[in-house]
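Asks: Each chain is listed here by its residues.
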Amino acid sequence: MVIYLLRRLGLALVTCVFISVLTFIIIRLPPGDFVDAYIANLASNGSTVSGEQAEAMRREYGLDRPVVVQYARWMGRVLQGDFGVSMVWRRPVTEVIGDRLWLTMVVSVSALFLTWMIALPIGIYSAMRQYSFGDYVFTTLGFIGLAIPNFLLALILMYVGFRYLGLNVGGLFSAEYIQAPWSLARAWDLTKHLPLPAAVLALAGTAQLIRIMRANLLDELRKPYVVTARAKGLTERRAVLKYPVRAALNPFASSIAYLFPYLVSGSIIVSLVLGLPTVGPLLLQALVAQDMFLAGAIVLLLGFMTVIGTLVSDVLLMWIDPRIRLGGR
Amino acid sequence: MRQIPMVDRVALAIRDLAVQFESEQGIVRALDGVSFDLHAGRTLGVVGESGCGKSVTARSILRLVDRPGRITAGRMLLDPATPDEIDLAALDPESRKMRDVRGGRIGLIFQEPMTALSVHYTVGNQIIEAVRQHSDISAAEARNRAIELLREVGIPRPETRIESYPFELSGGLRQRVGIAMALAGDPEIVIADEPTTALDVTTQAQILSLLQRLQQEKNIALMLITHDMGVIAEMADDVAVMYLGRVVEFAPVHEIFATPRHPYTRALLRAVPSILATPRQRLSTIGGAVPHPGSRPSGCPFHPRCPEQLGALCSEQVPKPVPAGRSGASCFKAEREHEAVA
Numbered sequence: 079m080v081i082y083l084l085r086r087l088g089l090a091l092v093t094c095v096f097i098s099v100l101t102f103i104i105i106r107l108p109p110g111d112f113v114d115a116y117i118a119n120l121a122s123n124g125s126t127v128s129g130e131q132a133e134a135m136r137r138e139y140g141l142d143r144p145v146v147v148q149y150a151r152w153m154g155r156v157l158q159g160d161f162g163v164s165m166v167w168r169r170p171v172t173e174v175i176g177d178r179l180w181l182t183m184v185v186s187v188s189a190l191f192l193t194w195m196i197a198l199p200i201g202i203y204s205a206m207r208q209y210s211f212g213d214y215v216f217t218t219l220g221f222i223g224l225a226i227p228n229f230l231l232a233l234i235l236m237y238v239g240f241r242y243l244g245l246n247v248g249g250l251f252s253a254e255y256i257q258a259p260w261s262l263a264r265a266w267d268l269t270k271h272l273p274l275p276a277a278v279l280a281l282a283g284t285a286q287l288i289r290i291m292r293a294n295l296l297d298e299l300r301k302p303y304v305v306t307a308r309a310k311g312l313t314e315r316r317a318v319l320k321y322p323v324r325a326a327l328n329p330f331a332s333s334i335a336y337l338f339p340y341l342v343s344g345s346i347i348v349s350l351v352l353g354l355p356t357v358g359p360l361l362l363q364a365l366v367a368q369d370m371f372l373a374g375a376i377v378l379l380l381g382f383m384t385v386i387g388t389l390v391s392d393v394l395l396m397w398i399d400p401r402i403r404l405g406g407r
Numbered sequence: 240m241r242q243i244p245m246v247d248r249v250a251l252a253i254r255d256l257a258v259q260f261e262s263e264q265g266i267v268r269a270l271d272g273v274s275f276d277l278h279a280g281r282t283l284g285v286v287g288e289s290g291c292g293k294s295v296t297a298r299s300i301l302r303l304v305d306r307p308g309r310i311t312a313g314r315m316l317l318d319p320a321t322p323d324e325i326d327l328a329a330l331d332p333e334s335r336k337m338r339d340v341r342g343g344r345i346g347l348i349f350q351e352p353m354t355a356l357s358v359h360y361t362v363g364n365q366i367i368e369a370v371r372q373h374s375d376i377s378a379a380e381a382r383n384r385a386i387e388l389l390r391e392v393g394i395p396r397p398e399t400r401i402e403s404y405p406f407e408l409s410g411g412l413r414q415r416v417g418i419a420m421a422l423a424g425d426p427e428i429v430i431a432d433e434p435t436t437a438l439d440v441t442t443q444a445q446i447l448s449l450l451q452r453l454q455q456e457k458n459i460a461l462m463l464i465t466h467d468m469g470v471i472a473e474m475a476d477d478v479a480v481m482y483l484g485r486v487v488e489f490a491p492v493h494e495i496f497a498t499p500r501h502p503y504t505r506a507l508l509r510a511v512p513s514i515l516a517t518p519r520q521r522l523s524t525i526g527g528a529v530p531h532p533g534s535r536p537s538g539c540p541f542h543p544r545c546p547e548q549l550g551a552l553c554s555e556q557v558p559k560p561v562p563a564g565r566s567g568a569s570c571f572k573a574e575r576e577h578e579a580v581a
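So the sequences go chain by chain: A and H.
First residue of the first sequence: 79, per our numbering; consecutive thereafter.
First residue of the second sequence: 240, per our numbering; consecutive thereafter.
Pulled out of the complex, with its shape left as it was, chain A reads as follows (with noise of 0.2 Å):
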């Protein structure tokens, strides 16, 4: 189990590696470097920078050094935490990530846990309950969701939302708190503005989870001892819970690999469309605006998220199935 452990950690770093090495590529992908960037920006706010100066600054930011070491550089002040200077943003990359991160994971969490408290107990009864009424309106629905793109969906809500409900739409803060500190207040103005777009990104997702679910959960229904349990006495519902619903949860557990990195970006279009502060929205940017630093770190953050989603959803398999658990046993 440990040995099992340590390798996926091995490889999980070895991973990792090779992300920021493809993360450096991109970042470097377009025509000129940082300081081309720079001066072309200032010169379209008329001033100018000498050819010495622009030689010195890039000397001061290594541009002048091999490749190799100028990703040994960056590497080393990415590893302190130091992700270089947004250039649209004139600001530490970090800092204007930072906010955002949280309010993103914010939304995309309680997305999450929507999408599961809706989804796995209606794919159970689905299951359970295969070709009837309930299971047939449940399966226009998950079709119709799954039908619609996020962004109609998030309009039409926005729509209804704001027009009958008298909701709190766009954003998730109120004008007077965007750029007020953290207090009670504007965290239950947070509050207030959460349940739409979590609904927005959580019903899309939940289709698609109750479709999987439940074809998961049929094909376990049909073994043998799903008969055994009930054979002892135990009740269907009690039978299907303990054996078949356990084993029809394994592959969430691997799905959580790809759930990871959208904790992260969110979702782009539906932030756009909703006007929500996360990161999804600052990637666009920052790659419009060919802001390599700020792009680079949300790849590069993109990236080891998957790495970790990745370990943690073995984790979690060890802990569901002892198959894997016991393996090296």
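Bear in mind the hints are in silico, worked out from the structure with no lab data behind them.
It is possible that part of the hints are untrue.
[To be verified] Partial selection, computed: residues in chain A whose CB lies under 10 Å from chain H:
1) Arg106
2) Ala253
3) Lys270
4) Leu299
5) Val304
6) Val305
7) Thr306
8) Ala307
9) Gly311
10) Thr313
11) Ala325
12) Asp399
13) Pro400
14) Leu404
This one's a predicted model, so the numbers in the text were calculated from it and none came from an experiment.
Note that CB positions come from ideal geometry on N, CA and C, so glycine has one too.
Once you've looked at the hints, dock chain H against the given chain A.
Replies: Quick look at chain H alone, frame taken from chain A:
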């Protein structure tokens, strides 16, 4: 004066049991009027080809037939002709009473001990659950009982094995766990659905002798489902031969082997490989295949494959079912021979 032995008590009487599966393609009659008795301390061997309704019978008794299957006729009497008589066919499958019967009065042993046990829980967990379902005892007591059960079914070092997961055990040990689980509620009837099919030959013999020993110790009424005539010869006291959802012959085991009445029984016996056969002799098979229960032949269901059929009589009329509790065959030819003797 001859005393009526205890073993003659009828534990379960199945009468005219019919089970149908309704689908868009039509109605499939999986069981079509099955009758037999299970006696305490005796073994009833149920034999037949795949799809003849052996397993459906087992599941029907426990009321665990999956949708869209349902019992359309018949009675299943537990403790028949006593004040405690219960008709299982009339109970709600999810009722408290039916669940007390499952595991508590009737235990079930499965064919495939790997898939019949959940890989997600230790064998102890799964046995203790069965123990506590049917007796109101503490977790510690239930654990001791589970260890005792494992010892009873011949599992070495039960104190440590109880913490094992099913995939850590060999096939034979897993089937022993399955038997321990079926016995956890101390049932007086045990249904074993092909308990040795998935095991190798030596393990088969061990499991069969274990079942025999447990049956004698506990005076269990055992219903042993198999397609193996060798297992029948070894284990059964009485034999019910099934074909297409009907019992086509019922008789004590020695009669089945010595004087089989039904052509189907004779065909089954011919299909058993013999150690006395000359080398390269072709093994006798039954011509054709079991018809799909949805397209049941007219008349006697076996007549299209029957080497001894009597023409129009067999293809147009259905022979009378075997009366419960008596030897006989559901066959026109057997009826004639019987009359000729009488």
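Asks: Confirm or reject each hint.
Replies: Taking the hints in turn, this is what the structure says about them:
no. : hint   : in the structure
1   : Arg106 : 49 Å, violated
2   : Ala253 : 52 Å, violated
3   : Lys270 : 42 Å, violated
4   : Leu299 : 9 Å, holds
5   : Val304 : 9 Å, holds
6   : Val305 : 6 Å, holds
7   : Thr306 : 5 Å, holds
8   : Ala307 : 7 Å, holds
9   : Gly311 : 4 Å, holds
10  : Thr313 : 7 Å, holds
11  : Ala325 : 6 Å, holds
12  : Asp399 : 7 Å, holds
13  : Pro400 : 5 Å, holds
14  : Leu404 : 7 Å, holds
Checked against the numbered hints given earlier, the structure breaks hints 1, 2 and 3 and satisfies all the rest.
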